[in-house]
Amino acid sequence: MNWRRLMAVTAKETGEIIRDPITIGVSVLLPLVMLFLFGYAISLDVENVALGVLDQDKSPASRALTDSFVQSGYFSLIRDFETVEEVEASLQRGKVKLVLVIPSRFHTALMRNESPAVQVLVDGTYSATALVAANYAQAIVASFRQPARPSAVQLEARVWYNAPMRSINFVVPGLYAVILMAFPPLLTALALVREKENGSIQQIFASPLTSSEYIVGKLIPYGLIAFAQMIMVISIGFFWFQVPFQGNLGFLLATAFIFVFCTVGIGLLVSTITRSQLTAMLLALIITLMPSFLFSGFLFPIFTMPYVLQLYTRIFPARYFVELSRGIVLKGGGLEELWLNVALLLLYTIAVFWLAAWRFRKKVA
Amino acid sequence: MAGSTDRAAVIMLMASFESNSWMIEAQGIGRRFGLQKALTDINLQIAEGEIFGLLGPDGAGKTTLMQILAAILDPSEGACSVLGFDTVKQTASITSRIGYMSQGFTLYDRLTVDENLVFSAKVRGIEGSVYQQRRQRLLAMAGLTQFSGRRAGNLSGGMRKKLSLCTNLIHEPPLLLLDELSLGVDPVSRRELWQMLREFRESGTTIVVTTPYMDEADYCDRLALLDHGQILALDSPDAMRRRGEGSVFELETSRAEEVLKVLADRPELGGVQWLGNVLHILLRPAATLPTDVLQTLQNLGDLHPASASLEDVFVQMTAPETAVPIPTFVPSSPTPGRAPALDVVRLKGVTCRFGDFTAVDNVMLTVPAGEVFGFLGPNGAGKTTLIRAMCALLKPASGEIQVAGVDVVKEPMRLRSRIGYMSQRFSLYTELTVAENLSFFAGVYGIDGSPRVEAIAWASDVIGLGGMEDRQVQEISGALRQRLALACSVLHKPAVLFLDEPTSGVDPVSRQRFWQLIQSLASTGMAVFVTTHYLEEATYCHRLGLMYEGRLIAVGSIPDLRSTLSMEESASMEDIFMAYIEREKESEEVTEAIR
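Chains as they are written, first to last, in our numbering: chain A, 8 to 372; chain B, -1 to 593.
Next comes chain A alone, as it looks inside the complex:
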């Protein structure tokens, strides 16, 4: 590899990038847009669930139970029902998501130290939040008891690693992986295919440049851009979204460095099998952005997937980095706990480059 020739390629590519507003926009603005959009929009937290109450008892105890729902902060009382028909109609229209039905004689039963049953009707169309809301309701009802009757065993649950259970703490470190998976491969693939499309790659072929000089020289600026993106989103995650940082920053940056190379390498691989910028873009999106949303554990936990799909998720490197990023940021994990993911990511990156180098030949066909 001739260093001067390589640097000539890097200098040329940098010059082109600096003068291309689209590349700069895609590399700076889009990650920001995505980070803020998802940081704010994706919330798995259950708050202010629309609550309806059918109080058939109308007693001090039934009012107290209703109050304890409202005061929990998870529910807001939308309306009081008089009849069962009203309840059904309201749930149907989606006006309320959860209905508390307190039977008559609730108060009397409590006074007699009996355990009266109350009913909770949940709109299960969006099952994830429905489940959480139902659990909350159950917890509230369970804790609603006369002080005179302490239960024998008490459960005291403690949440570790994300104590306030803010979903943002969970989403943002996942976004680090998704954003890096979305843009650097796209930029890299487009930059290479653009030269194929307008024919300037033929000039490169018919020059003393070797494949590796050309590829490495061309990837350096995009690798740097990707790494700068990484630092940008991590800082915003920490300073703006106030995601607590438990682990070692150096370790995170080191793994990010490998991941960045992996993503740029995927862009390179895409460029070796496509001829037009349009197909390159589509292919890049299909093999990077989509799976990194669906199969990386970013939003949908992998352990709940069928076994075959769990194996499938291993094809996409975002999965390894999502685990690394969350492991380091939230759990404060180090190499000791996370070595397997680091090793797999490293292997993956090497494989991608090996494949790309094998595909990239200095021939037009």
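There's no promise every hint is true.
Said to hold, decoys possible - In silico lysine-lysine, DSBU-like type, Cα no more than 30 Å apart, as pairs:
id	chain 1	residue 1	chain 2	residue 2
1	A	370	B	87
2	A	203	B	87
3	A	369	B	120
4	A	203	B	35
5	B	583	A	370
6	B	87	A	369
7	B	35	B	87
8	B	120	A	370
9	B	259	A	203
10	B	35	A	369
Keep in mind that the hints were calculated from the coordinates and are not lab data.
Following the hints, put chain B in place on chain A, whose structure we already have.
Showing chain B alone in chain A's frame:
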């Protein structure tokens, strides 16, 4: 050019003494892409210091051959050595030495002239004072010194080509491969490019160049005529033309109908064309017309032998075995004595702008019915813009346009049914059959029921599409597609027909056939506007408009254009164009001086 031919002969003689001195030696090269054969059995030997031309229509295999010579494409068969290295096994030795300019504009548009040059130099290890010296010399040669800080994307087509050439000359390669050197370049820049090439040849550089322009061939020492992936002939330009000697006649006549009757179905004919009012008759190789036919023709008009052009030779060599179609119509030229034809197109002070850029500048023109009018000019001269304004596809910044009695600017919708338009890319539906395409376009023009059946029958008869109604468009050849596109645009019998670069990418034989169609449509009273950058095609038009930098710098028939500047009879279309550009530049300078 005679001198260069001798020179080439000497070079070849010298070369034959030492068998290893060929710069390029190709033995039985073939290349397939899938099932398609792009090249078959190419044998070539090119000597040091030669300028070698690969001539042929688009799709003939020129680019494929150039890529094989540049060692960036491996042949499927045969072997090729360049500079003594094998193109497959010793790729790097070749690519690090040669200069190769691929088709199109392959600079980095966002980089400046200097940055492009620096990149090309550094990649080849040219730095320091050597670089500075060569940079100065090359930029001065190309006339780019004052533009060195400008981005390549903002240069004109000619300047970009010259810069491309500079980036490939910075390492002073012994061999220069230039694919489609002059595509999209104005005549002035084209001459400058060739000037640069000749200077480098003086210092021993071997140059291989491809071109679809027959008129460029004279710059070469030797030529290979390429068609359908095969070399038809390999010779010097003069020797090539001698092959057609005695086969070309021209007939000036006022009794055209009778002449056409005499010529109909003669098996000796290789191609017959109207050039204005002159009938250009080309015979098949080694064929002669029977004396009685010659006698009859002489009685009907002024018959005289003419010199064969390279295109004649090409057509002669590629003419189909079956009888060639000859014109069945009489050209519609507005000859004196005929009733003055109605003006169907009137342009007054038409100006079109894109932002600050004036694409069409104050154009004034009237064209009568039945005329074939050609807009000639390099890419970017404003031809397509002007045609689009005339078709109401874009609104002029100022000026009046009247087409077929319609004020185009005020009533664009009324215009649509009176004009036909065929764009550079034939807008056909390739998944549909020929008949389905015709039927669809008839529907577009609102032709329904039995008129539709009649219109389709008429068009396919005139254009000659019979027997292929059920073929899918993607299966038929480029030449047929072109004719189908033409049929689709005349179904509604428009008063004015616009054809934007209709003949690019079509071989000469099909091109001649296409021009016959255009002329026959014109003979029915249709005014036809054609844009082209093949200067040779000018001869098929009644009148020409020369466009340069947005202005219509001259209008007239070829003889008119010649006599206005009192040029000789032998002046080629390129000479004429150049002379008018010179005149335009001078008048500009005069206006500047007055100011």
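If you test the structure against every hint from before, which numbers come out violated?
Numbers 5 and 9 - these are the hints that the structure violates, sorted from lowest upward.
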